[in-house]
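Following the hints, complete the assembly by docking chain B onto the known chain A.
Going line by line, the protein sequences match chains A and B. Going by the working numbering, the first residue of the first sequence is number 14, and it counts up by one from there. Going by the working numbering, the first residue of the second sequence is number 14, and it counts up by one from there.
The hints are simulated quantities; they were obtained by calculation from the structure and are not laboratory data. Being a predicted model, the structure only gives us computed values, none of them experimental. Some hints here could point you the wrong way.
The list makes no distinction among identical chains, and a pair is therefore deemed to hold if it is satisfied within one copy or across any two copies.
Stated by the list, open to error - Derived PhoX-like pairs (lysine-lysine); straight-line CA-CA distance at most 25 Å: (1) Lys59 to Lys516; (2) Lys22 to Lys190; (3) Lys112 to Lys157; (4) Lys516 to Lys256; (5) Lys112 to Lys164.
2 protein chains.
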Amino acid sequence: MAAQDLYEKVVELAVRRGFFWQSYEIYGGVAGFYDLGPLGARLKQKIVGLWREYFIKRHQDLVVEIETPVIAPARVFEASGHVEHFTDPIVECMKCGRKYRADHLVEDKLGINAEGLSPEELTKLIREHGVTCPACGGPLGEVKLFNLLFKTTIGPYEGNIGYLRPETAQGMFVDFKRVYTVMRRRMPLGIAQIGRVARNEISPRQGMMRLREFTIAEIEFFFDPENPMQGLEERLAERSREKIAILRAEDRRRGEEKPSQYSLEEAVREKIVATPWMAYWMLVAQDFIQALGVPRQNTFFEEKLPEEKAHYSAQTFDQLVKVSRWGWVEVSGHSYRTDYDLSRHMKYSGQDLRAFRQYPEPRKVKKKIILVDKAWLGRTYRSKAAEVLRELSSIDPETVVKMLQEKGVLRVAGVEIPKDKVTIVEKEVTVGGEYYIPHVVEPSFGVERLLYVTLEYAYTVKEGRTVLRLPRRLAPIEVIVLPLTADEKLVRRAREIYMDLMKKGFDVSYDEAGSIGRRYARADEAGVPAAVTVDYQTLEDDTVTLRDRDTWRQVRVPCSRLAEALRSFLNGASLDDVGAKYST
Amino acid sequence: MAAQDLYEKVVELAVRRGFFWQSYEIYGGVAGFYDLGPLGARLKQKIVGLWREYFIKRHQDLVVEIETPVIAPARVFEASGHVEHFTDPIVECMKCGRKYRADHLVEDKLGINAEGLSPEELTKLIREHGVTCPACGGPLGEVKLFNLLFKTTIGPYEGNIGYLRPETAQGMFVDFKRVYTVMRRRMPLGIAQIGRVARNEISPRQGMMRLREFTIAEIEFFFDPENPMQGLEERLAERSREKIAILRAEDRRRGEEKPSQYSLEEAVREKIVATPWMAYWMLVAQDFIQALGVPRQNTFFEEKLPEEKAHYSAQTFDQLVKVSRWGWVEVSGHSYRTDYDLSRHMKYSGQDLRAFRQYPEPRKVKKKIILVDKAWLGRTYRSKAAEVLRELSSIDPETVVKMLQEKGVLRVAGVEIPKDKVTIVEKEVTVGGEYYIPHVVEPSFGVERLLYVTLEYAYTVKEGRTVLRLPRRLAPIEVIVLPLTADEKLVRRAREIYMDLMKKGFDVSYDEAGSIGRRYARADEAGVPAAVTVDYQTLEDDTVTLRDRDTWRQVRVPCSRLAEALRSFLNGASLDDVGAKYST
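Isolated chain A (complex conformation) (with noise of 0.2 Å):
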């Protein structure tokens, strides 16, 4: 199968050259982790670095940037729905007591999607078909739901429930009301995060592709839904004509497996997603693929069925890209998750979390307003009596009608006032605005899963040697210095130019061990797009030849002006407009 090699070659070159490997190796490896090399790192840190500049820098106007721990108490997830939604099936053998993923382990037998199905339907499928333990043959148990969230105790006392979290978001709910105040009640809001989350997998098994820890890039994006244009105008108007790649769940039902190409304009306004502001951020992140090296034919956007959706979500697409081995994989999911968030923690914590909507024109309303006997109140609760009033002005006043009627009497600030000494008016007040809960759309990255997708499109073998065509300003080195032969002169002067490049800020590497072709070679395996080389002419002239990885081909550039000819060549720029223009 040449499909099931790519990916194993890629594998390869990662665990050899240092872009990942399985975690804890030494250890026999833990399935589901996996440690980034000195390459992955750095790859990583330049693709992380490429979304926030396209999700963040580029819409600095609207979008910030926050950090939340990975660690919350149970509160936070039991407010999201994840305590009660966030599960996976699992079956256990009865005889040797290994556990399985009882949809997958359905569908590897039956050859059915089983995505969705209760675990009830599962058993019975598994009783209908027979289906055993993979491993010893034994019968299985009743499948039951596994919780995927990491459980740990909080400080010393045991009833302290915490988890890891599985993707960031919920630190943006937390905060919605924190960030939009300190950001002085701008809306639309974005808040952006990029950090560690975990899944408690019950048997991860695609190695880099399904991790009980990764990265997430994610924005929780906060609109007015009665407004959902605001802030978007100038942007929709630039791009409205460019095409989205979608496949629309309905399609899907009638077995449709091809996306079809929208304009924006028309995704807006046709409905085809739901809210214009996800639509936008469906575009930028088809471009932010591209950018990763993934043909614009290799992605599109798959909207989920309504039993393939998540609790929270009322739209969802996934963006796929075609790899080797697995087919059309998820690298982000775009979720429209309304209010669903903002309104749980509301009931959980008991906090008003809502934003301000500023009518164009302030309106005349009619409004109920409380008024006690003052008199009678400063005489019974005397110094306390201020306080009440305090706190009675920030209660809903209908709060206050519902209470007189149901019991008769109103407690405020820890004392009760009787209902005689209430009256309520209805007067017409001029209001600039109200108060409403933002809606939410989701763009959501995993950082590994792109990093494996930004390695296998960069993988090319040109004349039998493998070269990696990374994105050069994605490669973890960006120029490698090389002496010609291991000749004193060349290495000292070779090592030069390669502490002052160092010193000049590149991401740069030396080699002086083995033939010249060997090291060329080692190079374009590693990904480094620009090859410095050091040999008898620079001697005479202090010129060095700058080689492409991907043509292969050299131009002779002098020292003095290296670093330019490199920063241009990173930049863009073909190796001959950087021979041409830097060549004396």
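Leaving out everything else, chain B in the frame of chain A:
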């Protein structure tokens, strides 16, 4: 207390402007967890970027960065000694059940230094001095040890314990052999990591200074203990006369509280610092802390007393910085971990994690050679004979000798070879080198503390207004664009300039609300080094004013050269120089 006031002012500013705040505020907060807001997250990124520059990028010839998971299987922290040693003393009130960190409680109540005392000693002090529960006055129980590792379960099997790492270091130790191989066995080898760690503190009460989850930036620097100067010669020569401020353990014992100045050369020669690379990294750390804005005299290295050191350390220095509320606090630790960690992982994993030391000249050594009667072996074990020979060749001959002496028989690859079929000959062979366990020095920084320290040192008051004098290259917002008034023409031009600077990659903000004076004040308080003001002259000659946060002085710059002028200013040029160079 004026000193306390500064801390409170910094925290008040940090919360109000969005540098940091306590996590899970809407749920009442959880001690030991802090969020970074929009300004804090960027400041942290820039501090991390600066650290990367000082410790990694300037040492690319020796130091690489990796990334490993937060969650590790129990075995890793059994090997590292953390399961046994990473504890704090805890005591519980027998009446109300509250739990306290026993040494801190004793220190608070008795005013003595209780660091390093055993649970028995602490219990004795509590009994002798009648220390009771600070909350309810109830009697206290026995002091016990509480392990600070956050515990969880990996996967669906309950016995599969995992811990959250309390330091990133074990990732580098576990990966040492892999990285050493990937880097083509170069020594010395620094492996750096910047990542989240978690420590389940008993009752953290110092805000950002003592967190249960935070970011560490650290290097495990592996070197040959028989050649401890390797790779350091040039750098040492360049910097040998530079001074490091150190307070030695022996001087602390004598009651000394002030550091002395030692040149790098002296620190190494006199073994004030146990090994040369540790001294070098301390010098780099000293530079780095100054680059955050801490004056030279406000940081020094305090050598830890034996009872204060971690279990793995032969010598430790804490780098201290003076802060308002807590006096001298640790911002980095410098430990000589020797071969402790690698030896432990070799023992626990059964893997060979040694490096290879090439002899300057090949040496002739006497070596025992194991010869097996091959004819007998082939007859007896047939197809298995080859495997037996292969395995035999990988066993240390001394082990074979010992096994034969003790058991009279050799067990290899599951078969037995009687003594009389084995001959041991001694031969002189030429060897090129030998294996050894590298030693390690570790510079380790707590990033959130660095962030707090940076803020506190930036906090100044000028003419009654707060000015956050962050080093320009660390400023979360580099430049703010302001229309002089709300005049539509000025606003339009200002927004154009704003979007243009955004496209050019600046961290830029925009503000049109309120008087220009108030907006300058807001920007100064957020540490924005440069303000660009669009006024009526802008509409005439397309120039803007560029204002310096620290001096409040302004120069005029043409819009066409604004980006260039800003880059120069942000890179450290004075406003006068920028004005002179770019004014036309």
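Against the structure, the hints come out as follows:
Taking the closest pair of Cα atoms, Lys59 and Lys516 come within 25 Å of each other both inside a single copy (20 Å) and across two copies (19 Å). Proximity of Lys22 and Lys190 under a CA criterion of 25 Å is satisfied inter-copy only: 22 Å between copies versus 48 Å inside one chain copy. With identical chains, the CA atoms of Lys112 and Lys157 are at most 25 Å apart within one copy only, with a shortest distance of 11 Å there and 38 Å across copies. For the identical chains of this complex, Lys516 and Lys256 are inter-copy neighbours only, at 23 Å across copies versus 44 Å inside a copy, given an alpha-carbon limit of 25 Å.
Proximity of Lys112 to Lys164 under the C-alpha cut-off of 25 Å is found in both arrangements, the shortest distances being 19 Å within a copy and 22 Å between copies.
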